[in-house]
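Using the supplied hints, reconstruct the complex from the two chains, each of which is provided in its own coordinate frame.
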Amino acid sequence: MKEDITWIEVGRVADIPPAGARVVKTPRGDIAVFRTADDDVFAVRDRCPHAGGPLSQGIVHGARVTCPLHNWVIDLASGEATGPDEGCAGTFPVQVENGLIRLGLRLPPGPALGVPGAAS
Amino acid sequence: MTLANTKERLVLVGNGMAGIRTVEELLQRDPDRYEITVFGAEPHVNYNRIMLSPVLAGEKTFDQIVLNDRSWYDRNGIALLTGEKVEKIDREARTVTSIGGRTVGYDRLLLATGSDPFIIPVPGRDLPGVVTFRDMFDVEAMLRKAADGGRHAVVIGGGLLGLEAANGLAVNGMKVTVIHLMGTIMERQLDEAAGFLLQRELEDRGIDVITNADTKAILGEGHVTGVLLKDGREIPADLVVMAVGIRPSTGLAKAAGLAVERGVVVDDHMVTSDPAILAVGECVQHRGATYGLVAPLWEMARVCADQLAGRPESAYAGSVTSTKLKVTGIDVFSAGDFSGGKDCEDIVFRDAARGVYKRIVLKEDRIAGAVLYGDTRDGAWYFQMLREAENVAPLRETLIFGQGFGGQGFGGGGAANPKAAVAALSDSAEICGCNGVCKGAITRAIADKGLTSLDDVRTHTKASASCGSCTGLVEQLLELSLGDGYQAAAAAKPLCKCTHHPHDDVRRLIVAGELKSIPAVMQALEWKTPNGCHSCRPALNYYLLAAWPGEYKDDYQSRFVNERVHANIQKDGTYSVVPRMWGGLTSAKELRAIADVVDKFAIPTVKVTGGQRIDLFGVKKEDLPAVWKDLNEAGMVSGHAYAKGLRTVKTCVGSEWCRFGTQDSTGMGVKLERMTWGTWTPHKVKLAVSGCPRNCAEATIKDFGVVAVDSGWELYVAGNGGMKVRECDFLAKVETEEQVLEYCGAFLQLYREEARYLDRTAPWVERVGLDYVKKRVVEDDEGRRALFARFRFSQVFSQTDPWDERASRGVDSHEFAPLAMVG
Ligand SMILES: Cc1cc2nc3c(=O)[nH]c(=O)nc-3n(C[C@H](O)[C@H](O)[C@H](O)COP(=O)(O)OP(=O)(O)OC[C@H]3O[C@@H](n4cnc5c(N)ncnc54)[C@H](O)[C@@H]3O)c2cc1C
Ligand code: SF4
Ligand code: FES
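The listed protein sequences derive, respectively, from chains L and H.
Counting along the first sequence from 1, when you hit position 79 you're at 79 in the working numbering, and nothing is skipped either side.
Counting along the second sequence from 1, when you hit position 7 you're at 127 in the working numbering, and nothing is skipped either side.
These aren't lab readings, by the way, just hints derived from the structure by calculation.
Certain hints may be false.
Claimed, not checked - Pairs of lysine to any residue, SDA-like flavour, derived with a Cα cap of 25 Å:
no., chain 1, residue 1, chain 2, residue 2
1, H, K350, L, A14
2, L, K25, H, G930
3, H, K691, L, A81
4, H, K691, L, G87
5, L, K25, H, F721
6, H, K444, L, G99
7, H, K648, L, V73
8, L, K25, H, K691
9, H, K648, L, A81
As the list claims (entries may be wrong) - Just so you have them, the derived chain L footprint on chain H, three or more residues with Cβ under 8 Å:
no., stretch
10, 294-308
11, 642-654
12, 685-698
13, 934-943
What the hints assert, rightly or not - Partial chain H-side listing against chain L, Cβ under 10 Å, derived:
no., residue
14, T217
15, D311
16, E312
17, A313
18, G315
19, D334
20, D463
21, K673
22, Q677
23, S678
24, S707
25, K741
All C-beta atoms, glycine included, are put in the ideal place defined by N, C-alpha and C.
Chain H with its partners taken away, still in its complex shape (with noise of 0.2 Å):
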């Protein structure tokens, strides 16, 4: 025909979302300036790459998700050639060759080849059942895989891309688990608390996590049978799919001479390096930046398009990403840098009862990052603030409730204010979500009953009695109604600027929610910083430990370094170590070690303390394990001098040895010793046994004091010798050594269960009343003894060496070797 002749002749290479998108926008601009011919390597029309997923999670079929038909190439007028592989592009003859020998000229190229799935090179990766998750072939292969019987499937990458592979294999029926190399899931789009709620959803829909999981090798002979991590664990699989990341397909661009790095580099205008080529989508890098979704490619169309259609003037400046997963019913949304740093702030919501988690980080008044979990609404709102770089501090205040909150929002006449929506709510609406209890079951209360105080209410109407999420709202709708005569009651001081909860209810609500991690109490509680600060962290560690002995896993990251390097920090960041010498003896043997030791390793300072150990002053970090292995092997354990916990037992001579002693304090001061170390207590503690009231061994200024008279022990409680000296209260008197264990065992796990941390027993007696305490340890007999019994329990998982287990097993090892050497 002589009409083709005078058109110009448009080759696409790659029938996917990128290319595709291109000559949709070209034909509207210019319908009739090219003869197009589109190659593409896949059997298919163009479909919704994305869609990928709900048609593995069978809930969607292929056809739902084709974008153009081939009636649409037709009535275009576009030559389409499905599974036909270009594999040469002659730039001097201006032709392309496909793979089955096709040859085609053109007087324009656009390359629109997308990515490759990078596979990880291990051992086993091209055994059969192994799969990527990139096209329609591999969702059939996994579904085939499902269907005829695969049980377990694995996983590698606990990014977007794995966990919607996860979900859908999930769904077909199998047992899947995946295998992440960083510390949390999705750690590119979400941050750790996301993550954390993310993992947590899939582990409930009985997809395994597992983290920190670096693959060795995948396994089997004639099919894939599991896979190896690095640290030895195997995990049976049927079905091994790879997600851990794509990469540009260049390898076209590349043969043909092009301008290749990480991608096709292309200008502002998506040419090539050739000016008769261009190139747009994932294939493409440009400045610098490559991308692999789908929203940028939008905008590159565009640009493309407007460039082929002869409009050389607009041009792409890069894009700003957004991500949601397509996970049904688990709404994640993350936009921007989250990752916070100088000059930034975050903005951090919870609502543990509807699983939400909101953060988003502020920069100079404007959003540079969103984090959304389980409520998504205003993902779009935030994005698109972002995108324009609009100021936000005018909204500040109601940013985080999104973009429907109070009425008009955003935009408008200003911020909203909260207590204004608090006033706007309904008389139905519910506002202690745990007990059901609506706004105006508390308004009416307030006024039928005279209530004045927060406290009033949750008596009278439950509202805010249980977790506590509800209270800001309970003290608005008390403001509300009682004007300027209500005051916030001088209520305790929160935790820490990261939670309005005080010390006491997080504590109760620990056991209350049975919170078994930091992560899920920061989430039930609405914690408002991602992953809290130094005083909340060490805090929140020790109360689930009192809590849930021998089930919580300790937070090594939430210790102070003292207690992570179980040594004593001293200002020159040298270490200080004190060896356990019980009830203050020891022998030449440990004191030959204790010599031994200081010689070899040059120890400048050696000292007596004042609770009767011997204090090893100056030894460099990386010189603890060796030390410690010299002193385990004289027998000597930690004396745990760092340690909110059980420091010493100071003890007299008692009547082994001196003129006046009634009983044998030293035997009593080890027999406490060995029965109390290696607890965990709210702050440190420690112990004296005197063998007479001469009181020798200072007995009556320690937090539990015990000093003999003839007719047995008389025991006191809450002593101070720190910075405000305090002497003990006294508590009772027992008639023997068993007596005496029990009462100071059942007195500790009080102070273990009840005490705010930091709290020493001084202040904490003080407060809750010596009354209190001789109520609970001395007049109740069932409850002491239940007390003790909960003391002894918690002791069988915590009197481990903290020395040996480093000393001679590696434990934590990597705290105490340099990374790297340097020069």
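Chain L on its own, in the form it takes in the complex (with noise of 0.2 Å):
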């Protein structure tokens, strides 16, 4: 059975301060929601593919973050670590209209999921 992807609202831009990142909790782990200085967002794994480091705490340039465990560079938009590692923290689809970010998750079917302060 194929799963569906559910969007779901997670907060406003302005919650995340730019080139920085806030982390949205769920059964399945964290995911990093990230800003650039440019008001792109992104959504990745919050668990880095070296050693499972907390990207959203890391220093973000560019679309990019670098890792505050050990420094490996991980691309915002593919996950993808970059320069010579190898690895793919994972992204999420997002959708940003006005202002509003909504992360799309595949989540299991079942009762309404509780966004705190949010629609869904």
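Given below as structure tokens:
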């Protein structure tokens, strides 16, 4: 059976500092939602492919983040490590409309999903 | 007339840019096919809407922007009904009816109703004095307000339209504030760097720009008086211009039952869901996209005219758009996608002296996007290559310099050679803008004086001795003059790959150029990347902080996570917390508080550090503020164990208890720690004080070590117990505690002002030499006091406990809470 993507509102672009990130907690692990200095928004699994570092805590430059643990540089659009390093953190589809961010998640069907302060 | 009956009837709704352009194209193809009727809701003939901005700014009159006057309509036998808004389409009867009750039949109907400005649904939006920026009415309303003494205008929306409105109103003498939701203005067209330059230019023109500003309400009773932001700020306003965006005007089409999504849905031939009805312009949605600029409309108009003229084979395939800002004296161009991403490469060029910034984004050897600021001459060229997806690999090296670079430049014999371009410069060409040195002066000096290095040229000609942005050119001249004899000096390594400037130059130029923000440094020093990287940003942040105490606003996002969250990140992503224990002293109350925190937050590991402090390991990030709160309540503050700053002052027990102690080393340590805590330094700094030469506090492997002797205090510097153990150098012997403090502060300040970011004191002193440090800190009494004074001055601003700010005053609270929980 094919799981459907559910679009879930997680907050506003303005809730994330420019060149920063915030975390969305899910039962299947944390997702880091990045806002670049150009106000592009990306969602990447919050685990560095190297040793699991929390990417959301890294320094964001261009559309990349440097992992805070050992400085791997991860491309936000693809989740892939750049440079000589290899590995992928995995990304999630994002929609931004009128400053609202929605993540496209594959979630098991079931009762409504509770998002604090946001309708889904 | 009988003749009329032989013609098909074409009715156009919307006397704007796209509709009339289609008619013009149609008249070229088949002038006699239709009997044409045009309905226009505005009372005007067809005018160039994009020129409303120059009309507002007083650079053009309405007459000058008219595209087709009435005689044109007459000549072409077109019936023009102005001021007649069409209200209804009857698709069965094939008629349209206007608001004035006029009904006209059609065989083909063309909708070109454009867009409606979006009005944000805040209280007060209907007050008199709130206008949009779309048509001549709006322009007239704004001009009237400016003329009858309106002083303050607020423009909501820092996009293209908003900024043009702001400029126009400012030119008309109003005090204008632009409020913008996002962090940089025109964020859809410009990257951060260009947005910054634009904002600065507007601010220089007296226009205030507030970013990250969300409108809560428009204030006023009979008339607008101000705008209230969500953060509580209130901005006075006699006029409010809403320029937050547009929406395709689809009401008429929707009511007629045509397929409408965001816009009126059309196929590749501009035909709507009803084959008799076509649509063009901003009101349409084609392959999911809507457009808000003129260029795509021209492409649509051609296809639409073909269709109407019975040539259905032509098809519209969507457009790539580019943008320019029409504000006199500000050149901005943007096209395509410049957000970068995987496989993308940035080429960035900055010429600080001319205020030029260019960025080209390449993807697989093709241009994906371009942003030009200050010099937009090559915009059309880049845009053409972008649209044609031309492979630019052969041009790559000189691409950023534009089409004119190196004579023939592109297309012809491959890439132009930068050296050839320098060789081709005339002797009178200016090389160093700062010092006004031209090429001839440099080449002559090289030949006559036998100069062989960049430094020689700097000393003899001053070229490249100031801002350094011409260094590359000067080196090329050396190379040209000396041939293989010139080896680019083992020049200091650049700070990182984003710049060609080494650390020391960056520091010097920040002060010399009075650069006070990271974007300002990046622009002035011609950074090669749009917003740096994880190496240069923290360095710049530190250099600015050290250069402008109290003035520079710390850039939070340029700090490593440890400093951002004031705790040490550990390998599993949890944090460790070290409360400050002044001079290594603690008390039962503090220990109890620590023990309670350990229990309450189930902290798994408690460890005593090498610097005599207690480290609590395994704290979850979201618990940090609560942990700090409890520790703060027991009087403890952050130990800055995470900081590139003062960490600890280690002490022995000294004369208080030890039978050997000659002085109160603990007391001295506490005084030193009270003086130095909170300081930001190029790297971590550790101090220690021992009570006698037995040196139990290991003071001679610290950045600054103090050892008590009978007659006073011996001071040691530049020790290091890290990877490469280094024993301190002896700096001086002093007599009083005051002197210890003064020498310590002066030494730290010299380090703060002159070392490179991430240099500890040891490599720094090794590089500059101990003699130099002695000369500045020991031999020069006045210099030492000045250094000390600067140290104390900057401490005024840095001694705030970051834990307290976050635990009880909610600073950066977003950092510690998740954005959302899902599932
Ligand atoms: C101030 C300003 C500056 C701009 N600057 C630029 C720029 O620099 N570059 C650029 O590319 N674009 C710019 N634009 C955008 C550009 O003007 C539009 O993309 C273009 O005008 C759209 O053409 P259109 O024919 O689709 O709509 P419009 O030109 O808006 O024409 C639509 C017309 O239809 C009429 N209408 C609507 N409904 C009805 C009805 N029911 N009955 C009768 N008539 C109706 C409207 O009154 C209007 O006159 C600017 C726009 C503005 C407002
Ligand atoms: S350094 Fe001297 S004073 Fe301090 S504890 Fe050791 S022996 Fe005692
Ligand atoms: S865990 Fe990210 S670099 Fe090591």
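Okay, the hints, checked on the actual structure:
Between K350(H) and A14(L) the CA atoms are separated by roughly 12 Å; this keeps the pair inside 25 Å, and the hint holds. A hinted pair counts as satisfied when its Cα atoms are at most 25 Å apart, and K25(L) with G930(H) qualifies at roughly 22 Å. For the hint pairing K691(H) with A81(L), the CA-to-CA distance comes to about 19 Å; that is within 25 Å, so the pair holds. Of the supplied pair hints, the one linking K691(H) and G87(L) holds, its CA atoms being roughly 18 Å apart against a limit of 25 Å.
For the given pair, K25(L) sits about 20 Å from F721(H) by alpha-carbon distance, which is consistent with the 25 Å threshold. Between K444(H) and G99(L) the CA atoms are separated by roughly 24 Å; this keeps the pair inside 25 Å, and the hint holds. Between K648(H) and V73(L), the direct Cα distance comes to roughly 18 Å. Compliance with the 25 Å bound is thereby established for this hinted pair. Between K25(L) and K691(H), the direct Cα distance comes to roughly 20 Å. Compliance with the 25 Å bound is thereby established for this hinted pair.
Distance check on the hinted pair: K648(H) and A81(L) sit about 22 Å apart at the alpha-carbon level, within 25 Å; holds. Restraint check on the stretch 294-308 of chain H versus chain L: 5 residues with Cβ-Cβ distances below 8 Å, three needed, restraint holds. Counting residues of the stretch 642-654 of chain H whose beta-carbon sits less than 8 Å from any beta-carbon of chain L gives 6, enough to reach three: the coverage restraint holds. With a cut-off of 8 Å between beta carbons, the stretch 685-698 of chain H has 5 residues touching chain L; three or more are needed, and the interface restraint holds.
Given as covered by chain L, the stretch 934-943 of chain H passes the check, having 7 residues with a CB less than 8 Å from a CB of that chain where 3 are the minimum. At its closest, the beta carbon of T217(H) sits 35 Å from a beta carbon of chain L; the interface hint therefore is violated under the 10 Å criterion. Among the interface hints, the one on D311(H) holds; its C-beta lies about 5 Å from the nearest C-beta in chain L, closer than the 10 Å criterion. Using the Cβ-Cβ criterion of 10 Å, the hint placing E312(H) at the interface with chain L is satisfied: the shortest such distance is roughly 4 Å.
Interface hint at A313(H): satisfied, since its Cβ lies 9 Å from the closest Cβ of chain L, which is below the 10 Å cut-off. For G315(H), the interface hint holds, the least distance from its beta-carbon to any beta-carbon of chain L being 8 Å, beneath 10 Å. For the restraint placing D334(H) at the interface with chain L, the shortest Cβ-Cβ distance is roughly 7 Å, inside the 10 Å limit, so the hint holds. The restraint placing D463(H) at the interface with chain L holds, with a minimum CB-CB distance near 8 Å, inside the 10 Å limit.
For K673(H), the shortest C-beta to C-beta distance to chain L is roughly 14 Å, which exceeds 10 Å, and the interface hint is violated. Because the closest C-beta pair between Q677(H) and chain L is about 4 Å apart, less than 10 Å, the hint holds. Proximity of S678(H) to chain L holds as hinted, the smallest CB-CB distance being about 7 Å (cut-off 10 Å). Checking S707(H) against chain L by beta carbon gives a least distance of about 34 Å; that is not within 10 Å, so the hint is violated.
The restraint placing K741(H) at the interface with chain L holds, with a minimum CB-CB distance near 8 Å, inside the 10 Å limit.
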